[in-house]
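Peer 1: With these hints in hand, go ahead and build the complete structure from the sequences.
Here the sequence shown is numbered in the numbering used here, starting from 1 and rising by one per residue.
Don't read these hints as lab results, they were simulated from the structure.
These numbers were taken from a predicted model, which means no experiment stands behind them.
A portion of the hints provided could be inaccurate.
[Stated by the list, open to error] The calculated SDA-like cross-link candidates involving lysine to any residue, where the alpha carbons are at most 25 angstroms apart (straight line), are:
1) Lys2 <-> Leu141
2) Lys2 <-> Ile165
3) Lys2 <-> Val60
4) Lys2 <-> Pro12
5) Lys2 <-> Met138
6) Lys2 <-> Ser108
7) Lys2 <-> Leu75
8) Lys2 <-> Val51
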Amino acid sequence: MKVGIVSPYAYPRPGGANSYIRESYQELRRLGHDVRIITAPWGDDPPAQDVIQIGQAIAVPYNGAIGRITLSLRLEWLVSRMLERERFDIIHHHEPLVPFLSMQILDSARCPNVATFHAFGGFSFSYWAGRVIGERYMRRLDARIAVSSAARHFISTYFPGDYRIIP
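Peer 2: Structural data, given as structure tokens:
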């Protein structure tokens, strides 16, 4: 099976979600799957094997940390081209509501989409304010995963639904 794993943060930059992505990538490869990690560029080095870099990484403070999100004026074109070339059987998004990479992929992908939610905390102004737009993308998910009960509680406060906990 050909699997795309989307990191909203510049991979392989250290962080909880990217550690989870790296471990998932390694296990899926061990099981014989063809896997690609889709992310923004990080640093000047060329991408590692099986890493597809799209757009630019822009530093943004969020939830007490600095995340690097993907941005490009040509994002729609870049994503469409990549999806045509790669022809994924399934795409696994991490934090799909972090602008803009997963959102563009969810708009364009014609395969099943799964998402894992990592974040938890108190009130999130961005989730609260973005509920209407976020719901558009949440409806495109075929399955939802949370890494903990705290993460499930946090995301379901803003986007109710069925979330399976997989640590």
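Peer 1: Now tell me if each hint is right for this structure.
Peer 2: Status of the hints after comparison with the structure:
1. Between Lys2 and Leu141 the alpha-carbon distance is near 18 angstroms, which keeps this suggested pair within the 25 angstroms criterion.
2. A hinted pair counts as satisfied when its Cα atoms are at most 25 angstroms apart, and Lys2 with Ile165 qualifies at roughly 24 angstroms.
3. About 31 angstroms separates the Cα atoms of Lys2 and Val60, which puts this hinted pair outside 25 angstroms; it is violated.
4. A hinted pair counts as satisfied when its Cα atoms are at most 25 angstroms apart, and Lys2 with Pro12 qualifies at roughly 20 angstroms.
5. Our distance criterion of 25 angstroms between C-alpha atoms is met by Lys2 and Met138, whose separation comes to about 22 angstroms.
6. Between Lys2 and Ser108 the alpha-carbon distance is near 17 angstroms, which keeps this suggested pair within the 25 angstroms criterion.
7. Distance hint between Lys2 and Leu75 is fulfilled; the C-alpha atoms sit about 22 angstroms from each other, no more than 25 angstroms.
8. The hinted pair formed by Lys2 and Val51 meets the criterion: a straight-line CA distance of about 14 angstroms does not exceed 25 angstroms.
The structure does not agree with numbered hint 3 stated previously, though it agrees with all others.
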